[in-house]
Amino acid sequence: MMPVNFHKEVDYVARLARLTLEPAEKERMAGQLSDILQTACRIQELDTTGIEPTSHVLDLPVALRDDVNRPSLSLDRVLQNAPRQEKNYIRVPRITGSGHNDQ
Amino acid sequence: MELFENTAVELSRLLRTKEVSAVDVVRSFLERIELLDPHLKAFIIRTPDMAFNTAKEVDNRRIRGEEMHPLAGVPVAIKDNISTLDLPTTCASRILENYIPPYDATVIAALKNVGMPFLGKTNMDEFAMGSSTENSAFFPTCNPWDLSRVPGGSSGGSAAAVSAAMAPLALGSDTGGSIRQPASFCGVTGLRPTYGRVSRYGLVAFASSLDQVGTITLTALDSALLLSLIAGYDPLDSTSLPGSEFDYTDDLEPDIKNLRVGLIKQHLSADFDQEVTDAVLKAASILEEYGAEVQEVSLPLTDYGLGAYYLIAPSEASSNLGRYDGVRYGYAVNGENIEDMFSRTRGEGFGPEVKRRIMIGTYALSAGYYDAYYLQAMKVRTLIRNDYKALFNDFDILLGAASPTPAFKIGEKTDDPLQMYLSDICNITDSLAGLPSLAVLSGIHSSGLPMGMQLTASPMQEIMLLKTANFFEKSRDFSPLRPVLEFSEGG
Amino acid sequence: MKYEVVIGLEIHLELLTRSKLFCGCSTAFGLGPNTNCCPVCLGLPGSLPVFNRKAIELAVTAALALKSEVQINSRFDRKNYFYPDLPKAYQVSQYDQPLARGGCLEIELDKSRRKVSLERIHLEEEAGKLVHAGESIIGANYSLVDYNRAGIPLLEIVTAPNLYSGHEARLFLEELHSVLLYCSVSDCKMEEGSLRCDANISLRPAGSPTLGTRTEVKNMNSFRSVEMALEFEAKRQESILTAGGSIIQETFHWDEEKKHTFPLRSKEESSDYRYFPEPDLLPLVLESSYVEKLAERLPMLPQEHRLKLLDQYQLKVKEAVLLTRNRELGDFFETAAVSYSDYRNLINWVQGDLLYQLRESGRDLKKIDPRLFAELLIMVDDGKISRPVAKELLAEMVQTGADPGEMVENRHLGLISSRESLMPVIEQVILGNPDAVDNYRQGKKKALAFLVGKVMAVTGGRADPAELNRLLKEKLK
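Chains as they are written, first to last, in our numbering: chain A, 168 to 270; chain B, 104 to 594; chain C, 35 to 511.
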């Protein structure tokens, strides 16, 4: 089996996961993740031809609910944990202008 | 005998016969917590006012002669990844340090409904990711049997609290061993119910297809009592199983004769601590002595199960933990734009293990890798389920170790995540298969630490686990059954 | 080189449920920010989705109406990406096992019809709404989030790339809009965002079998803007290709004010959505009897309705299309047609004077009663009132819903057709317009119409035209 080298993936994956990693942290993590994936990908040894994947252990169809309204949370409750708010909205920094995105 | 030394069943009796009041019971446990918790650090927050208020109300209702649930007035500790209205629910993460949920989990509503006083929220590995409770962003918890050792994890706070008699009962959660491994490290009884038997609504998700709320108690009877309260279909959790009104306490008399027991070969591995495997073998021989048919069985995919688990659980986690972005709740860092804010909030808010798992999961799901990692892991999951299905055609219950070793030292495995993961090797395959599984004290190691064994049954056969564990508890001939803790007043 | 435009559309519509897809919060439009939210639609830690039965019913109904093959087994997946309007950082959607596959919709081109094929139809959840502080997303210093829309059930309909102009795209959307309104699955209001359309557009040398590099066009807020934006984008691509350049795969926004498309580079360009089966929702399994029942309950659809209109009322295709595009107008016509059988005259009035009056007054069809409208036409036909009077009455009916019979009675608006009433007016007009009289007598027939008009003006349009003509000719002999 191919040895897993996470070092070349770490930047791409960290960006996809929206995680800022310090350089030392990145280095350490790349090493650890290479080891973990090396072990995990031993599952590729197993022949799974014709085997259906299990995404749920329950062999039941989805449960449905009736289209009935239930009380929403009060506005205070909705906003009680929001770090930044304005006029009953939740405030976020500007959407554009990130270094990664502006090509 | 102090009140805090009692099992929940005994406390329930004392309360019902009005020999003690709920306030007395709560006071006894709160004093115990005050004495011990500065050393053990099992609780992230304590809730004495709330506990006393509930206890007073229960006492008043009892005086008025109202019909009460057996658990009314019996205190409980709650793992801090279960949502509690107006009480912090941090998941032991910096990212949720200041989060106050505006709602109760379904299991919490059930406990409140019958008047169980809440002693506090217990420490855990951050977002339930870990096997030692050292991944708590706040502080590690100590094993009551040996303060230099970990209580296991991720439900280490709950296991330590019950073990040290700071709570008679606790709720935990188990994704890949997070109830059973700490229960075995702390010498208590930990039950992971069948996936879907207990509502997950309000349990902060780690890996949704594996997470299950369960119980950590002193005895199987106590587990039966608490499970009866929290089990059942929940219209708010569409992955919960049909059926309600369970009473697992109804008939727990041991029924060992002709019980078909499969002894898991992989749990008798030479890599395991010899005394741990000896204790399992001894348990098997006791069962045989009482008429059970014991036969060695193989779960050949045990090692692969670990690999599958460490792809599936992080994959789901990477998605479940996307919501911690600093917008609606939780820790938030200002950023010059939205992506900067997201990345810095998450980079600073999550601890190293959580970040590792998010990274693995993101990678395993990303374009080009999905088939080789995530999809293959889900197929291995099918193979594992098939193995169990075949075994349960011939066996009623499977017996093995709850962990390869007794509790390890604090700091021993923190630098080697892979070694830490191996600590859950016994607990993972039944999690992947969604089976009910229970850890119970199997003996005392020569080091003086408790050891655990694990029982696994087919779906919805919790009663089988509880009966067998109850039988064991009665037949145990070793001691001590609880840690000896000596601290002077005021620590 | 001559290029062929190839367009595929992705249409999102909000389904008409009372509650959201996964929770009991209301779907009502236009309430204060963040007032329709709960732990589930806010994605609070520990919350779980429970699927709304009605959303499935509406989705299956739409799929059946679009002849899409409803799948007995389908599955929900998570589409993972970070955006502040997406509370869980994933959207529950359907990836490789959609609710329905295939399907088609016929559009009426100028002289022919064409079947536009669909690729798939699936269910997903709506995101919240961002309000940008500043003119647009580009210049804004910060944004505000409202989660009221988050979690409303959305149906996504994806067409095959087989629309060949902006105009066709518009026709397709208009037809789709009618179908969806006919089966009451969505209110389809583009201006409120309950119907949205994104397009993929590419050019290829005419006759080439392979598709060119496509761009995506978003933010088109009306049928008209879809047509304009795609015509614009086709021209833009053509000028690049003609100049020997190549198209870059990117996303454009349509600017309604400036009438052009501009590239939007803010969202993650290289999307890696990490789809995987949603562990919180078990697979959707539909009983075939359930699907059959919904198929039986399917209402008449625009196409069938048009055939009925063509057949029963001998309308022209364009007229039938008008009546099915505008469902209220169609209903109005058919109700009026119950008591008025000159359908040709009826449709002429409906598409002429009635629509004119509605446009002029800015009213809809709520006030005017189609049965009274029919009465109005009968009064004209019976010679009780003149056309000009009828038009005036119609203007009032549209505004107030007044009864034309009562108005004619109360205001003495009946037709003047008696010799003794008309003759004095005619004589007066002849005296007052000697030039016209001369012209007529010299053989200029047009002069007669001029004099008729004068009489009409004096009588307030009430003169019986036939009688007036006869008397006027007699007098001028």
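Treat the hints as calculated values from the structure; they're not laboratory data.
Among these hints, one or two may not hold up.
Straight line, CA to CA, 27 angstroms or less: simulated DSS-like cross-link-like pairs of lysine-lysine [stated by the list, open to error]:
#, chain 1, residue 1, chain 2, residue 2
1, C, Lys293, C, Lys342
2, B, Lys368, B, Lys215
3, C, Lys400, C, Lys36
4, A, Lys175, C, Lys113
5, A, Lys193, B, Lys516
6, C, Lys113, A, Lys254
This one's a predicted model, so the numbers in the text were calculated from it and none came from an experiment.
Each hint, compared with the structure:
1. C/Lys293 x C/Lys342: violated, 39 angstroms
2. B/Lys368 x B/Lys215: Since the Cα atoms of B/Lys368 and B/Lys215 sit roughly 43 angstroms apart, the hinted pair is violated (cutoff 27 angstroms).
3. C/Lys400 x C/Lys36: violated, 49 angstroms
4. A/Lys175 x C/Lys113: holds, 25 angstroms
5. A/Lys193 x B/Lys516: Between A/Lys193 and B/Lys516 the Cα gap is close to 20 angstroms, so the pair holds against 27 angstroms.
6. C/Lys113 x A/Lys254: Roughly 30 angstroms separates the two Cα atoms, so the pair is violated.
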